Amino acid sequence: MRKRSALAAMLIAALVLAAAAAASGVHSTGPTKLTIWVGWSAGHELTSFQKLIDEYNRTHTNVSVKVVGGIDDNKIVAAIRSGTAPDVVSSFNSYNVGNYCGSGGWIDLSSLMKKDSIPSSLFPKATWYYTGYAGKHCALPLLADVYGLYYNKKLFKAAGITSPPKTMSELAADAKKLTVRDKSGKIKIAGFDPSIGFYENTPERWIQAYGGKWIDSKGHSLIGKDPAWAKWAKWQKSLVDWFGYSNLVRYQAQPIDEFTPSQAFETGKLAMNFDGEWRVAFIHNEHPSLDYGTAPMPVDDAHPELYGSGYINGTIIGIPRGVKHLTESWALVKYLTTNNHFLAQFSNMIRNVPTTKASLDSKEITPDSHFKTFLTIFANPKSGTSPIMASGQAYTNSVQDFFQQWQAGKVKDLNGGLKKLASQLDAQVAQAGGGGGVP
Amino acid sequence: MNGAAVDTAGASVPAVPLRTRARRRADWRRRRLVLLLMSPWIVGFSVFFAYPLVMSAYLSFNHYDLLSPPRWVGWANYHYLFNVDPLVWEAVRNTVVWMVLIAVPCQVLFAFGAALLVARAKSGAGVFRTIFYLPALAPPVAATLGFVYILNPATGPVNTALSHLGITGPLWFNSPQWAKPSLILLSLWGIGNTMVIFLAAVLDVPQHLYESAELDGAGPLQRLRYVTLPTVSPVILFAVVLGVIQGLQYFTQAFVAASIASGQASQAGDTFSGLGYPNHSTLFYPVLLYQHGFTDFQMGYASAMAMLLLVVSFAVTLVIVLNSRKWVHQAVPR
Amino acid sequence: MTSAAATTPFVRRRLPAHVRRKRFLLAVAQHSVLIAVALAFLAPFVFIVLTSLMTTNQALSSDLWPHPFRLQNFADVFSKAPLARWTFNTFVYSCLATIGVVVSSVPVAYALARMRWRGRDAAFIVVLIALMLPPQVSVVPLYVMWAKLHLIGTLWPLIIPNWFGDAFTIFLLRQFFLTIPEEYLDAARVDGCGELRILFTVVTRLAKPAIAAVALFSFLYTFNDFFLPLLYVGENSHNWVLSLGLAQFRSAHQVQWNLTMAATVLVMSPVIILFFLAQRAFVEGVTLTGVKG
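Chains as they are written, first to last, in the working numbering: chain Y, -10 to 428; chain V, -13 to 320; chain F, 511 to 803.
Bound-form chain Y, shown alone:
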């Protein structure tokens, strides 16, 4: 009896091993197979990228590129650590560039760029900043993101508002005017949702409007010293308290998921929204009849000169360590980041900002009044991005954590809390072993 079950176990094990061997694939000759990991997963974004890659495969017969979507940084890190990384990787934001460059997880592309005479001046300044760290340039920008204000024109007309708000006090006033509650006090239509953590509301995107500084020349956090942070925090909390924090949580718990057709702004449940330029494409695909407008984000009343600028970040692309086909991988990366025709086409499809100076001015970009706002914001010299720090994503996460505690009323002493946050951020960076560059 035992012998039989042992035999059965061995058979099963053998079968599984055979299956695993078969699944790992037989090595064949022919076009070099490359795999590229991207973050896009929602509807039109991934299919657009796939379409353009199909075209690449057609015109470059020596390679066959496979696209894997829905990737996040966790997966990238896990794959590099275990030596199973693909040929090209891309991430939706630059927060971890410090770690990728510093550890050599993504290879330094500087020598490859020099060999192919690709100067850094090809790329807009902000995008060049957030793709390198400590002298190593381990990534390149692949379309950028810029943030601004979306507003529902129909709801504006109904509330008697003629133009989008330009300052924070106007924004708060308009938000209050546009909010509709039902009889039990629950929010039916929110004029604006200032909650940190909701949709694209994160501190690094907001602080741009106050001209807040992140770090000094030595890389130490200025969050405790720069008054812009406290000013913004107070504005934000007063608006949150006007709505009622738990009312907002209840409002957000509805099925209004961000990357689906039920998104609150697209379905008229949110009158104004702070969002990225890609939303234009989503609205075009999902709710083309929506009567809306786009404008730069309102700014601090004390700094009207900042109006027209915004926060910049974007998708980055690089080559992981241990890549097997460096030449072909680099050719693909070069194409995706410097081929102006590709950049213009892709930008048209998913309405992201092209990331070479040439493609920004390209005639191939189909004009769109909504999208044009974001191109203008991107070109504004006062627009900026957040610093690349050695602690990577943890840096921005810690800041976000603090403000989420703050908006929930858990922080009693704002200035003291900000000072403590600053020293924690510095300790975090020191622990991660390094500094960061001022953007």
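Read the hints as simulated data drawn from the structure, not as lab findings. Incorrect hints may have been included.
Unchecked claim - Using 30 Å as the maximum straight-line C-alpha spacing, the simulated DSSO-like pairs for lysine-lysine come out as follows: (1) K352/Y with K202/Y; (2) K114/Y with K177/Y; (3) K223/Y with K175/Y; (4) K55/Y with K658/F; (5) K177/Y with K223/Y; (6) K214/Y with K371/Y; (7) K352/Y with K40/Y; (8) K226/Y with K165/Y; (9) K155/Y with K114/Y; (10) K658/F with K22/Y; (11) K313/Y with K532/F; (12) K226/Y with K166/Y; (13) K146/Y with K361/Y; (14) K40/Y with K590/F; (15) K175/Y with K220/Y; (16) K55/Y with K590/F; (17) K165/Y with K313/Y; (18) K223/Y with K202/Y; (19) K258/Y with K532/F; (20) K165/Y with K258/Y; (21) K22/Y with K590/F; (22) K172/Y with K258/Y; (23) K658/F with K125/Y; (24) K108/V with K532/F; (25) K409/Y with K220/Y; (26) K352/Y with K214/Y; (27) K166/Y with K142/Y.
If you're wondering where the values come from, they're calculated on a predicted model, not measured in any experiment.
We have chain Y already, so just place chains V and F on it with the hints.
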């Protein structure tokens, strides 16, 4: 192999066994057999228990992101752990206070109460037992998903039902105050295993003990206190120890609930996964460890956290086991 | 209640009315509480199943009853996610791990229970200590080890450790082996059986219920495992197990709660079906752990 000592000639000899060659060979054969039988565990213990412990201790003094070689930092990780990290003590509190000190007694009491009720039921006891046991079979991820849906503050059935009664339901998994109670509620739903064990133990209490107690004039509560509880106490201890061990490792339900409840406002490609949502109320120690080690490139620091977890686990289990003698009635052999 | 002499009929003395009423009310109260709690335990299942039959829009509203019934959801789940692949992976993991656990733990438990050797009790205490260790303590170095062996992303880091003994299983089996009367083993020894043969034939046959119980628990534990698969296989969606796939299902199909609930029902069903088929083994097994533990 015991038995009276017998020499090779077969004659009876005094009790001191002679270490004859045959005997030594038998001993050696026996030891070899023991080694053979124990070998899987010896290898497993060395590779999957001892080695990681030693390695964890070593890594805790390094900065290690697994992308570049470990870099010695001495006590820096521990300094950060005890003095700087703003989230560690919240995580410790969440795990030790909520999942151990609060959740375990709730679970044990609830399971025991349910077992008593089912034991009392004469008709359909089997049906009730099945009903209580089924949720324990549900995979934790599935159960968590179900509960997050049911307790959705805006459209979930529970809040809808409450609103019909005129009560505004709490925000459950979206509320910092209610997130942990919601998780404990979820764990109570899965109490089936413990309940069945308690049920068997309660039913096993010898009837004559109840009868003699009744004769002595004991009411139902006193019978519970002086007959049932002492007899069942070893099983209660077992459930408590198991509950504590599970509480210290609590990860899956918190992870899934936080990602789902917060996931309403994030994209599949975003790195900020919302662990601990909302406002760190569901940030348990193993979750924080996972975040530091596998999301934040800080395996050295995560190892330091692991060392702390080890110490705490030992201490807690030791405390329980040592104190158990005070209130666990040593079972009378049947 | 002592009875009179055999000839006189036994007279049941009626309890005073107020005592009878009190007992009756108590019984009613206990039964009502029991029924209420049982209903509360069933309610989540009911909600989940009802939602899995709703249309997408209805699942987002506060409606409780599907109108119309949409069985199509279950088919949709299969087309939207590689559920079959995940199920296959889960079964591979669970089956291989369970077989490994049983095969490797039985000899160890036997050595700890029925053989006498120096250090046996110390070894048992070490097993107990291993039982109390949270997996998070050893996870970082183990991950590093598997990464260096290039096995991250496969199921092997999950399966292999189970072939080297499992502390809980060893503990349970040892407790059970202790209860086997020595006479059985002596009879076999007298017949000339070597220790190994005794183990393989006599002991395993006697311990069948215990072995079935630990196999069942191993299977359940690995089937429901989330943390270790998240760690080792999380980055390779081709090798995901059901628990991983279900957790990520919602992020990929955010608004479609009806599909998520349908997927949840599908993931819950194998174990529940197994339970109804092997009810006695389950209950006996659970009882065994409690009584012997």
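Results of checking the hints against the structure:
no., hint, in the structure
1, K352/Y with K202/Y, "violated (36 Å)"
2, K114/Y with K177/Y, "violated (42 Å)"
3, K223/Y with K175/Y, "holds (24 Å)"
4, K55/Y with K658/F, "holds (26 Å)"
5, K177/Y with K223/Y, "holds (25 Å)"
6, K214/Y with K371/Y, "holds (21 Å)"
7, K352/Y with K40/Y, "holds (21 Å)"
8, K226/Y with K165/Y, "holds (14 Å)"
9, K155/Y with K114/Y, "holds (26 Å)"
10, K658/F with K22/Y, "holds (25 Å)"
11, K313/Y with K532/F, "violated (82 Å)"
12, K226/Y with K166/Y, "holds (18 Å)"
13, K146/Y with K361/Y, "holds (23 Å)"
14, K40/Y with K590/F, "holds (21 Å)"
15, K175/Y with K220/Y, "holds (28 Å)"
16, K55/Y with K590/F, "holds (20 Å)"
17, K165/Y with K313/Y, "violated (57 Å)"
18, K223/Y with K202/Y, "holds (17 Å)"
19, K258/Y with K532/F, "violated (58 Å)"
20, K165/Y with K258/Y, "holds (14 Å)"
21, K22/Y with K590/F, "holds (26 Å)"
22, K172/Y with K258/Y, "holds (16 Å)"
23, K658/F with K125/Y, "holds (26 Å)"
24, K108/V with K532/F, "holds (18 Å)"
25, K409/Y with K220/Y, "holds (17 Å)"
26, K352/Y with K214/Y, "violated (45 Å)"
27, K166/Y with K142/Y, "holds (14 Å)"
In this structure, the earlier hints numbered 1, 2, 11, 17, 19, 26 are contradicted, and the remaining ones agree with it.
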